[in-house]
Structures are given as structure tokens and as C-alpha cells.
Amino acid sequence: MRLGILAFIIALFFPLFIKNKMWALYVSMIIYGIGGGFFWAVIVGSVGKEAPKGQENRRSAIFSVSWSIGKAFGYLFGGLLKGILGIKSFYIALACLITIEIIYPIRLPKEVRERLKSEKQEKEKKDNQHSTQLNDIHIEMNDSHIIDNSTTGRNENEIINKEELNFKKKDEKVRYKWEGGEYKNKTYIYIGYIFNFAIKGTNWVISSQYIKLVKDFDIKINLFGANPNEMFVGVFFFCLYLAQTTSLVLMALTTQWTYRRSVILLGFIVTVILYLVMALSNCNWLLCILSYIAGLSSGFANQTSVYYSLRASTNNKGLFVGLSEITSGSGMTILPLVAGLLAKAYNDNHVPLYINICVIIMCIIVFDIIYRLMYFINSRRNAKRLSREEQPTPLSTVTQPQKPNNTSDEADDIQIPVEMVPTPLVGEQDTSPSEISRDDNQSLDSQEKE
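Positions 1 to 450 (the working numbering) are the ones given, in order, by the sequence shown.
Keep in mind that the hints were calculated from the coordinates and are not lab data.
Remember, predicted model here, so these are calculated numbers, not experimental data.
Glycine included, C-beta positions come from ideal geometry on N, C-alpha and C.
Among the clues, some could well be false.
What follows is a set of in silico ranges between Cβ atoms, one per label pair, in the way DEER data are often shown [to be verified]:
no., residue 1, residue 2, range
1, LEU276, LYS110, 27 to 37 Å
2, ALA95, MET1, 15 to 25 Å
3, TYR32, ILE106, 22 to 32 Å
Only pairs whose alpha carbons sit at most 27 Å apart, straight line, appear in this in silico DSS-like list of lysine-lysine [stated by the list, open to error]:
no., residue 1, residue 2
4, LYS71, LYS220
5, LYS82, LYS212
6, LYS71, LYS184
7, LYS384, LYS184
8, LYS215, LYS88
9, LYS110, LYS120
Model the full assembly from the supplied sequences, consistent with the hints where possible.
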């Protein structure tokens, strides 16, 4: 985390001290991207790890609200400070980063440390109990039942092997059927990745390219004596990220929005409408209203992907959150590059908006294909799992009571697996000790009568 903040600080030095050099800006953005890799996935994974069970949505949404509102006011004051201070406005960003570097916690909170410690102790306790059960197998034979030593050794080994197999089967993880949200999450996690890729990637395109179209259309907002075009861009993105913050706050209060395909489709459609109006209109108030509506979709896309990633695994939340950030980051990397190159090739600043529209439409098609395909695959996988009512059948045992010994008042029962009780073949005499003893008694009675 601190390495990521340090990378952000270094990235600011290049445009701040190496002015009017395009290569310095490129190097700055490369370092910024590396810092984001150290910073973002770690932060989101930590939020999910520290959240109590069932509170992942609320905690992750609160975190998203914090950065979203920071982004909203960052664009608003960024446009204002850029017009007043120029390049010196970077010093304010530098001061914010240094403050975060100082106040960020060094270790996990106390309650999280205690929870991890108790989980570790519980696991060690179970391992010790398992080891004790395997070693504590005692068989005591009675003098009235004398069995050949070789047979006894073989039977004891078979009993131990059966017991070990039984314990191993108990320890194996039983694969139960996915139910409810757990089952839907297997499909919606991929839909969340696609949605986040499309919305974040296209938002990043207009963040980097829209200023050129604003100057072409001469869209203005006169405020505080700042540059009218730059002030409009600041207000436009302030509305977008303020709406994103509003969306995240609402999503933190409820989970009714989860696993609803129609809401995701609505988010795609609203975003496409915004890009169409941006390409055709120069009405500043209309664009700000539409940017607010599209911002609601942006917040929904972000929280959708994060929520489904945090629900994908209990022990690997950081991994799935990292995959979510990889998909959104790839959209934020590839789409602005392609849009910028094509805009320059055709010498038309409308091209980035046309690319955004095409990307959204393609993602809607892929979204529908993935939705149907993953539901088919997961239904087949789920059919092979056990239902919650079913239980794996353990090895059953029978108890043979032993006759009391002359030298002891009590005798232990011998636990013998059912599979090991010998069954005589057809036509074969049962020569078990109890049968031999009964035959001997009958022969003695007949001799006495004679």
C-alpha cells in the first residue's frame, strides 16, 4: 500500500519539474499505473477481509463512496485551481498523498487480528483431535477367545486401515449444491467484470478525450473567473462522480439490486444515450443532467463487480477483487489508447464517442452470451453435487460383546467394521468361536446321556 502511494508521489514530480516535455508525462503515467497496481487491489481486498461475514457489501460500498466523492470534488476543484494556480495546483495533490502516506495504518485492526488468531487456533485444535483419534485405537481380547497371532495382527491392521479411511472420508470436503445467491454468483461475477470493463473504460475515454470536443463545440460555464471550457469539464465530471457517489450510498443500504440482469441492461442503455447526446449537442445543462444519470450507472457498475468478487470466495477475496481490477484496468488502458489513435488518424474529435458507443453495444452482446452460457454450465455442475439433505454414508460398525474373563470383571467391546465380519460360503460350516463352543457343549451333553 505505502509503495503505491510512494509511486504516486514520484509520478507527480515529472510534470511538476519537467515542464513542456511529452515524454515526462508518459513516464509519469507509467509510474502512476504501477502505483495503482500496488495500491488499489490491496485496499479493496483489505476492506473485504476486515468486513464481518455478511457485511461485505456495506463496507465495500462505504469505501467506494469515499473515493468517488473525492473524485467528484477533485474534478470540480481541479478545474478551478488549474485556472487560478496553473501547474502549481499539483502541490496540493502532493500534500494530500504525503498525508495519506503518514496516517495509513501499519497493521490490521485489533478485532481482525484476534479473529485470524482464533481461526488459526481452531484449525490447530481440529488437526490435533484428528491425530489423537487415529492413534488412540485400542483392542482388548478376552482369554475365552484365543485367535492365532498372525490372524490377530492382520485383523488389527485391517481395523486400523478402515478407521483411517473413515476419518479421511469425514475430513474430505463435501460438495453440496449451490443455492440462492451462491449459485447466481457463479454467473454474475463474469457479468460484473464485463459491465465494469465497459463503463469504466468508456468513462476513462471521455476523461482524457472530451476536453478536445468541448473546445471544438465551445461549451462554456463561466464561474469564478476560471477558463470557461475547463470549468465546464470540471462541472461535467463533478456531476458524473457525484451521481456515482449517490449510487454507491444507496447500494450500501440494501442488496435488492443484486443478481438483477435488467438493471445492468438499463445501465448500459443510459450510458449509450449519454454518449450519443455528447456527440451531437453543445447544451451545457443537458450534458450535465445526462452525466449525472450516467454517473448512477457508473457507481452501479463498480459496486456490482466488487460485490460479486467479494462473494466469490471466503479465503481468496483479494484474488477475485484483483481480477475485477484487471478487467476494469484493461478497459481504462486499451480504450483510451485506441480512441486517441483513431481520433488523430481521422482528425475528428467525435471518434472517441463513436468508439464508446460501439464498445457498449458489443459488451451488451457479450453480456447476453456469457449470461446464458454460464447458467448452462453452472446448472450442469450443480446437478453433480449433493443436496443439503443428503449426507455422505460413513463406514458402519457392529459391536460383539465378549464373555467375562476369569481374571477381570469387565471386558471391552470390540468395534469391528461391518465389512470385516466374515460371511460363510454356501455349504461351508460357520467356524466362528461362538459356533465351535456351542457344538462342543452339544457333544458333551450327548455323551453324558449315553
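Hint check results:
no.: 1; hint: LEU276 x LYS110: 27 to 37 Å; result: violated (52 Å)
no.: 2; hint: ALA95 x MET1: 15 to 25 Å; result: holds (19 Å)
no.: 3; hint: TYR32 x ILE106: 22 to 32 Å; result: holds (24 Å)
no.: 4; hint: LYS71 x LYS220; result: holds (21 Å)
no.: 5; hint: LYS82 x LYS212; result: holds (17 Å)
no.: 6; hint: LYS71 x LYS184; result: violated (32 Å)
no.: 7; hint: LYS384 x LYS184; result: holds (17 Å)
no.: 8; hint: LYS215 x LYS88; result: holds (23 Å)
no.: 9; hint: LYS110 x LYS120; result: holds (15 Å)
Hint compliance for this structure: hints 1, 6 are not met, and every other hint is.
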